[in-house]
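> Next come the chains, spelled out residue by residue.
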Amino acid sequence: TQLLEQSPQFLSIQEGENLTVYCNSSSVFSSLQWYRQEPGEGPVLLVTVVTGGEVKKLKRLTFQFGDARKDSSLHITAAQPGDTGLYLCAGADDNQGGKLIFGQGTELSVKP
Amino acid sequence: NAGVTQTPKFRVLKTGQSMTLLCAQDMNHEYMYWYRQDPGMGLRLIHYSVGEGTTAKGEVPDGYNVSRLKKQNFLLGLESAAPSQTSVYFCASSYSTGSRLAFFGQGTRLTVV
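Order-wise, the sequence lines are chains A and B.
Numbering follows my numbering, in which position 62 of the first sequence is assigned residue number 62; successive positions increment by one, without gaps.
Numbering follows my numbering, in which position 113 of the second sequence is assigned residue number 113; successive positions increment by one, without gaps.
Please note: incorrect hints may appear among the correct ones.
Claimed, not checked - Partner residues are not named here, just some residues of chain B that face chain A (Cβ under 8 angstroms, in silico):
hint, residue
1, L43
2, Y48
3, P61
4, S94
5, Q106
What the hints assert, rightly or not - Pulled from the structure, derived: some chain A residues nowhere near chain B, Cβ distances all over 12 angstroms:
hint, residue
6, E17
7, L19
8, Q80
9, G82
Calculated directly from the structure, the hints in this document are not laboratory data.
Glycine residues also receive a C-beta, built at the ideal position from the N, C-alpha and C atoms.
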């Protein structure tokens, strides 16, 4: 069974601070994705990483895929209240016939 | 474009009742998924489909059935609802190749009393 472990599960910080969220697994994934979800809405894709060691930047967000394609991290620089939400990582394994599995999520609260 | 549309958005069932949740996508995606979301547990995969006429079990399939008779539709059925199935259900679809980024519906909030 493939599992994705996210940490931390909850994070409460002040505006302007930096933070990192981790997504770890013992399994190799073909690609790893990060989503953001707001209350009452479905998750919305932020980024996909497909190559081991890949780093992608989206404004103040930096995403990294581990060299072995088993883990990923999301780093937010100078967090803002608008970053508040649930962050989810998801892994796809093309050898597992179409499965897309999710971590348990990180609930981020950024206080002004 | 509508993207992924789920119906209904809210539903209250009595224990033992049955119901079907409908998911429709207009992006010609091959893959479709049903997830349930409970506090602190992220999204758990119930069933998924890699094409019309095919379905497969996910992480938590017990108590649910699915059908994919048409490429654009993926139905999730509860034959005999139980309070443990109280949850928010999300449908998603994705391409079968490349990064497989998924598009989600708005969710269905189901309460079983």
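> So which hints don't hold here, by number, going up?
3
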